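**Q** Residue numbers (my numbering), protein chains in the order written: chain E, 1 to 137; chain R, 138 to 982.
Just so you know, the hints here were simulated from the structure itself, not pulled from any lab data. Quick caveat, the model's predicted, so the values are computed rather than measured. Among the hints, erroneous ones may be present.
Taking lysine to aspartate or glutamate pairs in the EDC-like style, the calculated list, with each CA pair at most 16 Å apart, reads [unchecked claim]:
| id | chain 1 | residue 1 | chain 2 | residue 2 |
| --- | --- | --- | --- | --- |
| 1 | R | K428 | R | E357 |
| 2 | E | K112 | R | D397 |
| 3 | E | K83 | R | E786 |
| 4 | E | K83 | R | D851 |
| 5 | R | K196 | R | E139 |
| 6 | R | K794 | E | E53 |
| 7 | R | K697 | E | E59 |
| 8 | R | K794 | E | E51 |
| 9 | R | K979 | R | E357 |
| 10 | R | K840 | R | D856 |
| 11 | E | K112 | E | D91 |
| 12 | E | K75 | E | E53 |
| 13 | R | K882 | R | E841 |
| 14 | R | K169 | R | E253 |
| 15 | E | K40 | E | D91 |
| 16 | E | K68 | E | D91 |
| 17 | E | K73 | E | E51 |
| 18 | R | K697 | R | E841 |
| 19 | E | K68 | E | E53 |
| 20 | E | K4 | R | E498 |
| 21 | E | K35 | E | D102 |
| 22 | E | K35 | R | E786 |
| 23 | E | K40 | R | E543 |
| 24 | E | K40 | E | E25 |
| 25 | R | K702 | R | D312 |
| 26 | E | K2 | R | E498 |
| 27 | R | K321 | R | E746 |
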Amino acid sequence: MKPKLIFGSIAIIAFTSLLLYNFGESISTYTDFEKAAKLKTAHVPGTWEPEMEYGFSRETMQFSFHMKDESGKVKKVVYSRPKPNNFEQADRLVVIGELRNDVFYADEMLMKCPSKYNATDVDSYGTQPVAAGVQGR
Amino acid sequence: MEGIIGKWLISASFISSIISLVFYGIASREDKEKMIRWGHLFFSLKGLFLLLASAMLVKLIFEHQFQYYYVFNYTSIDLAPKYLWSAFYGGQEGSFMLWILFSCISGFMLIKWTREPYRAPVMFFLTLTQVFLLSMIAGWHSDFLSLGASPFRTIAEEMPNAPFIQANPNFIPADGSGLNDLLKSPWMMIHPPVLFIGFAMMTIPYCFAMAALWKRKYNEWVGPALPWTLGANLSLLTAIFLGGYWAYITLSFGGYWAWDPVENASLVPWLFGTAGIHTMIIQRKSSIAQKSSLLFAILAYIAIVYETFLTRSGILADSSVHSFVDLGLYNQLLVFMLVITIVGLGMFFYRYKELPSPNKEHGILTREFMTVSGSMALFILGAVIILGTSSPIIGLLFNENPTPPEISFYNDWSMPIAIIMALMTVIGQMLFWQKHDAESLSSALIQPLLVTSFATIISIMVYEVRNFYYMIYLFAGFFAIIGNLWVLFRLAKKQPKLIGGVTTHVGFGLLLVGILFSSAYNSPLLDERTSNYNERVLSGEVADEQGFTVSQTVEMLELKLNEPKVLNKRYEVLYSGYTIDNQNRPGQQTYALSFTDLKSGRSFGMNPEVYPMLTTSTQDNIQWSVDPDVRTGWLNDIYLYVAGSSYIENVNNRNAKANQIQPVGLSQDSTTASLGASLAGQGDSTSSDEEAQVISFTRGQSKELGPFSFQFNDFIMVDSTNVPTGKGVGVRAQLDFVHLPSNTKYSLEPLFAVYNEDGQSFTASFPVEIEAYNLSVRFTKLDPESDSIELSIIGLPEGLEDEWILIVAEKKPLISVVWAGTFLLMIGFSISILRHWGRERKMAV
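Next up, chain E with everything else stripped away, as it sits in the complex (with noise of 0.2 Å):
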């Protein structure tokens, strides 16, 4: 084999290989808010609980509002910017950041918002009133 090839193939796969570790590393797993307190930062997949309380705070400067995650667990998390657009809508949710003390402090938000694209959803006939929407061919 030529020295040149040796080299090259070296390279590549030393590069391979930094790459794929580097890769490895700054990607983490979703999972609930039990496991989510033994990370310093956790993507949490969840719903949100729109019967409890939520809403933008003027004395903290923070969103607040409570989630339910796969599991089950439903925690307050706490986003120190204002309300996301489409916050509502969403009816999946991804937040990003830490647990501490029982309470999700979120640095990102992530919101899953299918019912404009969603094929099966319904949900937006609900609001009209079935004899009004009826027209005759």
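Since the structure of chain E is provided, determine the placement of chain R on it from the hints.
**A** Positioned in the frame of chain E, the structure of chain R alone reads:
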């Protein structure tokens, strides 16, 4: 009826495309002119059928035939005609149609201009991709196979189990659910067509590469493929720019790029395409890099199909803020991607042994080496981004439920690659137009390097760059700008038609510099108090009431009506009210803010908006959406949106009351830390609070509230013996109260007390009644830091409470440079297209 015709048209188009595929396949094998003609005939028929189907869909949309799911889902009666047009490609199915239409147009151009021996196989592969795309909208359903989702399916077909369909199968909704308000933007109207033009054009280098492999003619294909690749890249870049600009001025994340999977997915084909352009150019010039040109042409299209798979299969559901639906096309998309990849790479490796190899080595200081290295760097960058974007798939190697990588993954890898690229562009361009050895190259670089160093130092000083890594990056960026400008000026004198490439490299340098400043030196605009608070948070000095360190800084601030605040010691900002507009977006508020730059004395207004999202709001449950205002400047942009206001809160509270739900008040929450050292009123504020209007005063301030005037003169400290609770400390606010019409004066001294009980501190306030006017005044909050108090007054005429807004404002330096870099890239690509296209056309005749 129309729907059935539409479905038939799409089916006819699909079948025609399969027939033309067969003819083109035979023609490619046997080189029979007659077969090609038949192929062309069915290719044209397919285009015609699809055009008619599209016209039918547009007709349904304009006639508001809401029994069709697509029409119902993406339009509504009140939608402006221009958005009705864009609704045609607003959904997945329509966007596939648009993509195929553009692909057909490119096909006709190929039919006209492609020369032997590539004619038949190029059309064969183009048709192959169209067969797959048409299958996505075929809408064929049988017991064992379901193919595509038709844009002409009715609501009854879409959801046969919905109760209202069961009750009345002929149900037609009175109105559609409408277009998402965020997408009602001229930028979003042109973004998809431009993107799909790019997709359609990027198919063509793939087709040429495959034709070259099939016909074993590995050199001639590059000439005709190059202008298409350039065109595709120009379109993709324009589409990325439009998307980024739209996001910047419309969304509230305040940037143009967020490494979101959907954004990445549009960038990777561009990077691979650009890599291909580099190798194609050097292949034409020096007859090397045949393998890389083929590979990049194939990979660029694979990247497009892979992107389509990622964004449309629903696989990114959790990792992307963009929502895309799973239309049940997962398997079809997967097959499409696998076929394109296996056929493409399979052919490539099948022929690999006989592909031409360079007959001589090129040294490092040659244009051949530099150009190929440049394309490798682009390829590596693309590969890194693909890796990050594929986290839902590749991440499975690391854990069961992988999240996307942190943003730092992208930044950490792209920065060094960008630095290397930037340095290489200059050396590459110098060598491209002139032969150099190490010595002559060094001397040619002396002047650009001097100017670069100068520019870097100036920018480091002006922007107070402290990070050494950023300094190197900046140096590389400025070097790319200045070094390439050097080459540009020389070249423009001699051969002005050839400046396309070097222009793009100047643009690339500008882009790098602009990206660093606009993202790393982007600063929130805050008043002094909030920034002091943030400083304390950052140094870990702020604890919440349970003793936990607060780690989240506050990046917004409150403005009261007609009370100016100074932001970043630089801008005085004044909120002077809002207007309600029912024209464009019913219920929209436009807030009037005026900024005065204390340095230059110039002032300007900003008018951010908040509006109810039409598609999802109901009368008693309004979902507000913000529309930021951006003031564009050469050196800085000011980006600002209103995150909340007293108006919005009142509307929400009124709705909440109407819904019999208790208004949500969070100010008494014990788990959240209060901003600053404010002493929140707790204790006895409960039921009566609902009617109270909260007004804040700084010492010495007076306010008129309807027929009354309040003036807050001073504090009066009270010792514990005079506090009704018998312990703790108390403060009285000394107030002058005037009933203006009768000029009746009162002096009020409401009390605010803080006391301790069982280790917990409580506050208490005690109402002072003014019986003549049926007013009750309580002193509910004290903020020693800003020397201000809050009064809760019951009995004021309605609508007189303090008017306030919450704003998020950011200063973003040199975003203009990002746009300038993008425009230069576009201009450079356009110049190159003209040059290469002109040459090819002469040869085609």
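**Q** Now tell me, hint by hint, if it's right for this structure.
**A** Tested hints:
1. For the proposed pair K428(R) and E357(R), the alpha carbon gap of about 13 Å is at most 16 Å, so the pair holds.
2. At roughly 14 Å between alpha-carbon atoms, K112(E) and D397(R) fall within 16 Å of each other, so this suggested pair holds.
3. Among the hinted pairs, K83(E) with E786(R) is consistent with the structure: their alpha-carbon atoms are about 13 Å apart, no more than 16 Å.
4. For the suggested pair K83(E) and D851(R), the alpha carbons sit about 37 Å apart, so the restraint of at most 16 Å is broken.
5. With a C-alpha separation of about 9 Å, the suggested pair K196(R) and E139(R) falls inside the 16 Å cut-off, and the hint holds.
6. For the hint linking K794(R) to E53(E), the alpha-carbon distance of about 14 Å falls within 16 Å, and the restraint holds.
7. The straight-line distance between the Cα atoms of K697(R) and E59(E) is roughly 14 Å, inside the 16 Å bound, and the hint therefore holds.
8. Restraint check for K794(R) and E51(E): satisfied, since their Cα atoms lie roughly 15 Å apart, inside the 16 Å limit.
9. As the CA atoms of K979(R) and E357(R) are separated by approximately 15 Å, the hinted pair is consistent with the 16 Å bound.
10. For the suggested pair K840(R) and D856(R), the alpha carbons sit about 29 Å apart, so the restraint of at most 16 Å is broken.
11. Annotation: proposed proximity of K112(E) to D91(E) holds, straight-line Cα distance about 6 Å (limit 16 Å).
12. In summary, the hint linking K75(E) to E53(E) is supported, as the alpha carbons are separated by about 12 Å, within the 16 Å threshold.
13. With a C-alpha separation of about 14 Å, the suggested pairing of K882(R) with E841(R) holds against the 16 Å cut-off.
14. Taking the CA atoms of K169(R) and E253(R), the gap is near 12 Å; set against the 16 Å cutoff, the hint holds.
15. Of the pairs offered as hints, the one joining K40(E) and D91(E) is violated, with about 26 Å between alpha carbons and a cut-off of 16 Å exceeded.
16. Our distance criterion of 16 Å between C-alpha atoms is met by K68(E) and D91(E), whose separation comes to about 12 Å.
17. A distance of roughly 15 Å separates the Cα atoms of K73(E) and E51(E); the hinted pair therefore holds under the 16 Å criterion.
18. A distance of roughly 14 Å separates the Cα atoms of K697(R) and E841(R); the hinted pair therefore holds under the 16 Å criterion.
19. Between K68(E) and E53(E) the CA atoms are separated by roughly 13 Å; this keeps the pair inside 16 Å, and the hint holds.
20. Straight-line distance between C-alpha atoms of K4(E) and E498(R) comes to about 12 Å, which keeps the hinted pair within the 16 Å bound.
21. Annotation: proposed proximity of K35(E) to D102(E) holds, straight-line Cα distance about 12 Å (limit 16 Å).
22. A hinted pair counts as satisfied when its Cα atoms are at most 16 Å apart, and K35(E) with E786(R) does not qualify at roughly 36 Å.
23. With a C-alpha separation of about 13 Å, the suggested pairing of K40(E) with E543(R) holds against the 16 Å cut-off.
24. For the given pair, K40(E) sits about 13 Å from E25(E) by alpha-carbon distance, which is consistent with the 16 Å threshold.
25. Annotation: proposed proximity of K702(R) to D312(R) is violated, straight-line Cα distance about 46 Å (limit 16 Å).
26. Restraint check: the Cα-Cα separation between K2(E) and E498(R) comes to about 14 Å, which is no more than 16 Å; the hinted pair holds.
27. Restraint check for K321(R) and E746(R): satisfied, since their Cα atoms lie roughly 14 Å apart, inside the 16 Å limit.
Checked against the numbered hints given earlier, this structure breaks hints 4, 10, 15, 22 and 25; the rest are met.
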